[in-house]
Amino acid sequence: MTNYAENGKNLVEKMVSVVPQQNFSLTPAAQETSISQKATTKGFIQLQNQWNCHSELLLMDQTVMRKGEKNGWRSCRGKTKISRKIGLFYYEVTVKNCSTCEKAKWLATIREATLMMETYQKEQQRVIDALTEKLEVDHFSRLQTTISDLELKQKELIKRVEALNSVQAVVVAELEEQSALQEKVVKMEEYQKQQQQNIDELTEKLKSLNAVQEAKNALQEKIVKMEKYQKQQQQNIGELTEKLKSLNAVQEANNALQEKVVKMEKYQNKQQLNIVDLQKTVAALREIGLTPQNRWDFAARHKDLTLIAPNQLIVQNNGKKSEWRSVLAEQPIPKKDLGIFYYEVKVSGKAGYVSIGLGTKPTTFNIRAGCEEGSYAYESNSIFWGHAVEGCSRFIGRPYIEDGKPKFGVGDVVGCGVNLANRQIFYTKNGERLETAGLFVDSAAELFPWVTLYNSGPKIEANFGPNFEYKF
Numbered sequence: 069m070t071n072y073a074e075n076g077k078n079l080v081e082k083m084v085s086v087v088p089q090q091n092f093s094l095t096p097a098a099q100e101t102s103i104s105q106k107a108t109t110k111g112f113i114q115l116q117n118q119w120n121c122h123s124e125l126l127l128m129d130q131t132v133m134r135k136g137e138k139n140g141w142r143s144c145r146g147k148t149k150i151s152r153k154i155g156l157f158y159y160e161v162t163v164k165n166c167s168t169c170e171k172a173k174w175l176a177t178i179r180e181a182t183l184m185m186e187t188y189q190k191e192q193q194r195v196i197d198a199l200t201e202k203l204e205v206d207h208f209s210r211l212q213t214t215i216s217d218l219e220l221k222q223k224e225l226i227k228r229v230e231a232l233n234s235v236q237a238v239v240v241a242e243l244e245e246q247s248a249l250q251e252k253v254v255k256m257e258e259y260q261k262q263q264q265q266n267i268d269e270l271t272e273k274l275k276s277l278n279a280v281q282e283a284k285n286a287l288q289e290k291i292v293k294m295e296k297y298q299k300q301q302q303q304n305i306g307e308l309t310e311k312l313k314s315l316n317a318v319q320e321a322n323n324a325l326q327e328k329v330v331k332m333e334k335y336q337n338k339q340q341l342n343i344v345d346l347q348k349t350v351a352a353l354r355e356i357g358l359t360p361q362n363r364w365d366f367a368a369r370h371k372d373l374t375l376i377a378p379n380q381l382i383v384q385n386n387g388k389k390s391e392w393r394s395v396l397a398e399q400p401i402p403k404k405d406l407g408i409f410y411y412e413v414k415v416s417g418k419a420g421y422v423s424i425g426l427g428t429k430p431t432t433f434n435i436r437a438g439c440e441e442g443s444y445a446y447e448s449n450s451i452f453w454g455h456a457v458e459g460c461s462r463f464i465g466r467p468y469i470e471d472g473k474p475k476f477g478v479g480d481v482v483g484c485g486v487n488l489a490n491r492q493i494f495y496t497k498n499g500e501r502l503e504t505a506g507l508f509v510d511s512a513a514e515l516f517p518w519v520t521l522y523n524s525g526p527k528i529e530a531n532f533g534p535n536f537e538y539k540f
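If you count the sequence shown from 1, you need to add 68 to reach the numbering used here.
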């Protein structure tokens, strides 16, 4: 390309030397670009000539002529396009004042320049053809290399696609597995919800069952207590049955006695003499204060005390709590001024506090003999109640004596008597008279035999005569 530029420059200089008057000038304006390393796909070079002229210049068969009359520079540029890949060469002709006489020389010069330009273009075409052939070879080689590279890349791409397909298959399998797992998770969540609902229902049922079980346990405890109570009642029934047998025997004996009394009444007239003798005997007994007809009074007893029929001599304490419970006899002691009144009680059952004595009839019976005004008693814990003598002690205002007095309890027979002549009271234990000197009762008061039981254990049986443990 450098040679082309030099040739163009030489041509211009020659043209200028031909026209020294400088009525027109032809200057090179060559522009060159680098040749691309790549050839065209068609493999040829196209040549093209073109002139661009001022409007007052006339171009005819590669000849430029001036038309205007005014002085001034007018230019015409010749352009040869070798190839769009190689570059452009510009040749510019400028005309100022071209007279008619000089036109022949100017036209000759133009023709010579045109011939030189054609020669130059042929040379350019030859060079272009050589370059085109070389470019085609290089281009084919590069294309082959590119094709090989593309084939390798295609193989690698195929491998990558196959790998991606494998990965895709694995991913699809994993996605399917994940989808299956997701379905299982959903089912598990539904199952857990159902299980939770079942658990809640079972919890409520369990609460109900616990309440039922508690009620059942309470009922079971009641049943156990009732069974114990039933056994105790059965035992009591057994004891009462034995007592009833004894009472039945007594009743039978009483019935037999009643029959005898009836018979005696029938034969009263015949037995008049015997009755007179019996009356004398009874009168004698009354003279000494013995009243075998007396018994405990149903109307003068605590509600928890039971009087056992038929003769009402046995007193049983059925109270559950420890409390003083009293009972009095039906008949008071005689008010005669001679003789002796006396009765005894036998203590049985379980140990407990017992009081035996005399007293006026009270208004309530949850009290004990000796601790009430107008009452006197001998208590099982060795105390004499109701006698305000020198050296006595007091409890809630009531006097009592306890020094040297014996205790009594289950199995003992204790008696209480009054000498009606002087109203002196005395007590006995198992047939022995205790020291009671200086102890007296109120002579004006109506005194009844009085017994008090505190605990539910003991019971007593009275003996109002005539056969006593104590012998007068």
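These are calculated hints, taken from the structure and not from any lab test.
Any given hint could turn out to be false.
[Unchecked claim] Each pair of labels, with its calculated beta carbon distance range: (1) 428 <-> 293: 27 to 35 Å; (2) 470 <-> 317: 52 to 60 Å; (3) 535 <-> 293: 29 to 37 Å; (4) 374 <-> 431: 15 to 23 Å; (5) 284 <-> 374: 49 to 57 Å; (6) 535 <-> 449: 39 to 47 Å; (7) 300 <-> 510: 53 to 61 Å; (8) 269 <-> 297: 49 to 57 Å; (9) 432 <-> 404: 43 to 51 Å; (10) 361 <-> 428: 20 to 28 Å; (11) 368 <-> 462: 21 to 29 Å.
[Said to hold, decoys possible] Mimicking BS3-like on lysine-lysine, the simulated pairs with C-alpha atoms at most 25 Å apart in a straight line are: (12) 296 <-> 414; (13) 403 <-> 539; (14) 414 <-> 290; (15) 389 <-> 404; (16) 414 <-> 429; (17) 252 <-> 389; (18) 388 <-> 404; (19) 284 <-> 371; (20) 252 <-> 299; (21) 403 <-> 299; (22) 404 <-> 299; (23) 389 <-> 403; (24) 371 <-> 414; (25) 311 <-> 299; (26) 273 <-> 261; (27) 497 <-> 293; (28) 497 <-> 539; (29) 284 <-> 299; (30) 388 <-> 293; (31) 261 <-> 284; (32) 475 <-> 403.
This structure is a prediction, so every number in the text was calculated from the model and none was measured.
From the three backbone atoms N, C-alpha and C, an ideal C-beta is built for every residue, glycine too.
A quick look at each hint next to the structure:
no.	hint	in the structure
1	428 <-> 293: 27 to 35 Å	violated, 44 Å
2	470 <-> 317: 52 to 60 Å	violated, 42 Å
3	535 <-> 293: 29 to 37 Å	violated, 46 Å
4	374 <-> 431: 15 to 23 Å	holds, 22 Å
5	284 <-> 374: 49 to 57 Å	violated, 38 Å
6	535 <-> 449: 39 to 47 Å	violated, 29 Å
7	300 <-> 510: 53 to 61 Å	violated, 45 Å
8	269 <-> 297: 49 to 57 Å	violated, 41 Å
9	432 <-> 404: 43 to 51 Å	violated, 30 Å
10	361 <-> 428: 20 to 28 Å	holds, 21 Å
11	368 <-> 462: 21 to 29 Å	holds, 27 Å
12	296 <-> 414	violated, 31 Å
13	403 <-> 539	holds, 23 Å
14	414 <-> 290	violated, 38 Å
15	389 <-> 404	violated, 41 Å
16	414 <-> 429	holds, 23 Å
17	252 <-> 389	violated, 73 Å
18	388 <-> 404	violated, 41 Å
19	284 <-> 371	violated, 37 Å
20	252 <-> 299	violated, 65 Å
21	403 <-> 299	violated, 50 Å
22	404 <-> 299	violated, 52 Å
23	389 <-> 403	violated, 38 Å
24	371 <-> 414	holds, 22 Å
25	311 <-> 299	holds, 18 Å
26	273 <-> 261	holds, 18 Å
27	497 <-> 293	violated, 42 Å
28	497 <-> 539	holds, 12 Å
29	284 <-> 299	holds, 22 Å
30	388 <-> 293	holds, 16 Å
31	261 <-> 284	violated, 34 Å
32	475 <-> 403	violated, 30 Å
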